[in-house]
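> Below, each chain spelled out in residue letters.
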Amino acid sequence: MYSSRIILLADLDCFFVEVERLHRPDLRSRPVVIGGEPGKRGVVAACSYEARALGIRSAMPMAEAYRRAKGRRDVAFLHHGLHGNYTLYSRRVQDILRSETPAFRAKSIDEFEMDVSGCERLFAGRHGGIVEFAEHLRARVRREVGLKVSVGIGPSRIVAKMASRHAKPDGVFRVLPHEVERFLAPHDVQDVPGIGPATSTALRARGVHTVGQLLELPPAVVGRGFDIGISGLVTNLREGDGDWQRRREGLGAFGTGDEAGTLDGPARRRSMPKSIGHETTFERDIIDPAVLEQTLWRLTEDACRRMREQDLRARHVTVRIRYNDFQTLTHGGFLGEATDADSAVFQRVLELFHEAWTRRLRIRLVGVRLSQFAAGASQLLLFATPRELREQRLCSAVDDIRTRYGRDGVLVGPGVSRITRARPVEANSTAGIQTGFMPMRG
Amino acid sequence: MKVVINQELLAGTLSAVNKAVSTRSVNPLLTHVKFVAEPDNLTVTGTDGEFTIRRNVAISGAEPGRTLIPAKLLSELTSRLPKKDITLELRDNQLNVSVGRSSYDLTVMWDDTYPDLPDYNEHRLVVLPCGMLKRSLLQTSFSAVKDSATGAVHYTNSVFFSFKDNRLDIVATDGHRLALKRNDGLSANDIERDLLLPVRVAEELERMLPDDEEATVEVFHYSNQVFFKFGNQLLVSSLLDVKFPPYERVIPKDISSKVHVGREELMDALGRVLLVCKQKDQNPVGYLETQGEIVNLTSDGGDYGKGHEELEAEINGEDIKIAINPRYLIDVLKVLGGEQITLNWTSEVSPVMITSPRDPAFTYIVMPIRMD
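Protein chains in written order, with numbering that gives the first Met the number 0: chain A, 0 to 441; chain B, 0 to 371.
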């Protein structure tokens, strides 16, 4: 049964485009495409609704976007956005939302979750109801920041997220607890945050195409054969999720990590992954060691965070390099002792990277992958040194901050300097948890 | 060099010595065994550079000589030869191996750079009963981390020998659990020495040592090597140059509860609940909880189901509750004798100590799993 939780998912409409438009009124009501230059393997980072009407989509190669916009002189292509300003605008929206709600969490730069369970009477008195409250939030953001925001409302985080898609553009969509089943049933399984291509292919192979069909499966059958936690996901769809403020360990633990926080139902059961890794392709091939090292730090941090979420410690780490002539090599090494600490892993990553980078060539892609897991922090240690304990506390504090304020809520050590320069093109970065079920990424 | 030796004796010698021979090595010499023949003695040595096994075999009427023979080839050939006397004869760079109508010429060589052992005889540390050392190793080495093919040297890949105050502590740990065997009353003259033996060497030593209570093993320590000499065998190992943590500090002192329970009963029950643990291959969790005179042992395997076992016990102190890796307990119950064991409990987040009334010199400590 769905409880009486009320989750709001606020999603800024065409966030990057709208921020650009605030600075350049001439872009209003024109198709706008933001991304890298077509000659430099750029992809579309964001595009306006007008551009979408031309068939342009996010993550599409820029060259393809240019082709589709051919003959349209009003299409604006932006290759260098207002990088720093995006975070600034996001913060201003966050400040408003945080001040209005009891529990707030930034899922990404343009997506925010709020738990307003128990506030029904308060909002009814003040605004007239939950939907009216959402409209109030939207109006405030519009008035004070100048951005459009859509709000999905549902009794669980997944439902709220799916409802927010119906709220777009610039609207509110609410799914009441008794409507959930009817709301979910017609959706394709791949519409569910947390079901990626691999899982949906496996589901389709069993004749499960819609969420309705998925929910009709007997609970005991669902878990078998999907050791990546599909049963937890289904339980979540069926019954709603727990209190996410108290379930930090569940955040972002499912699937590729990009769906951070979509799955924290009470019944998460997963087998141990074989490896956890992150990699990124640079916008331009890089030879500056400082930039490469900084990128490796970010990748290490992300991989370690996901490892900690699953209460694991890694014994082995692999660094992956692709030169600009597409020669790709991996170089792995042991960590001495199983660890989940960013700094210990990063130290080894650096050693491995410098051992592996032998050709004087620019680098196109770097990746970090952790494997050979052992029991994590909950298996207590006999000989924890004060340094290890301190490091453990630091990592968990950083994890907490990032859970609430997003990836850039706090920067640590090597991630601080020149952060904007090294920031990889998000659309090109890939992340994947490898489980026994999914094939190894080539 | 010409030696006549019984097939079974040679096969046994080679299989023992081969434990130290490296199969893959950058130095091709190390894939060979060294034969040194004297009129009434044959010495066979295998080494990987860090770990050496040498065995002396009594023979008669040999022609002296020495050579390096490909270890794997000779061992496989010998094991397939008939159980008769084998003649090994060195002719130039060929070793002729013949029995009856079988005759093989193996290409052998000699090289002075094959690692030799230093003269260690003056550096005797202590003489120990073989049986005592064998038992001590059996009861401790399982606690170390075995897959040390990692290159990284760490104390969790070792078995620690600490000589102090006329006693020898043998200790091993993987960071989560620790086994300690204390051997008192050593007839050593106030030696104080810390030796870290790689775990694979410790395990090999345990297998090679005779079970005999009468037999003794001489232990030498010279430079960074330790030598164990017993019977006609010698085992030599480089020592690990790392620091073992202060293990005595983690032995719990303020025990708030003692649970006496049947050893085999507990071991069997743990084996069963382990089947229905989540992540049973990696991080299984079992829950132990006492209630009056009963120990409740449970596990939750999520999709697999649940397990519950009740064991009768004698409990002195408050009721206990703990989450623990069942495998860590099974491991120690296997190497402990006696009918009863004692779980010494302090708190949910403190180490649990397992002791046996029959074996007071042995202590085993496990860290629990944090319960949320």
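Just so you know, these hints were derived from the structure itself, not from any lab. Some hints here could point you the wrong way.
[Stated by the list, open to error] Below, simulated DSS-like cross-link-like pairs (lysine-lysine); rule was C-alpha separation at most 27 Å, straight line: (1) LYS273/A to LYS71/B; (2) LYS273/A to LYS145/B; (3) LYS83/B to LYS71/B.
[Claimed, not checked] Covered stretches of chain B (chain A as the covering partner; in silico rule of three or more C-beta atoms under 8 Å from a C-beta of chain A): (4) 166 to 175; (5) 360 to 367.
[What the hints assert, rightly or not] Per label pair, the in silico range of CB-to-CB distance: (6) ARG79/B to ARG386/A: 48 to 58 Å; (7) PRO217/A to ARG79/B: 54 to 64 Å; (8) PRO217/A to VAL241/B: 48 to 58 Å; (9) ILE400/A to VAL241/B: 30 to 40 Å; (10) LYS242/B to GLY331/A: 39 to 49 Å; (11) ARG358/A to MET108/B: 38 to 48 Å; (12) PRO217/A to ARG271/B: 51 to 61 Å.
Every residue gets a Cβ at the ideal spot worked out from N, C-alpha and C, and that includes glycine.
> State the violated hints by number, sorted upward, taking the hints as numbered earlier in the document.
As far as the earlier hints go, 1, 10, 12 are violated by this structure, in ascending order.
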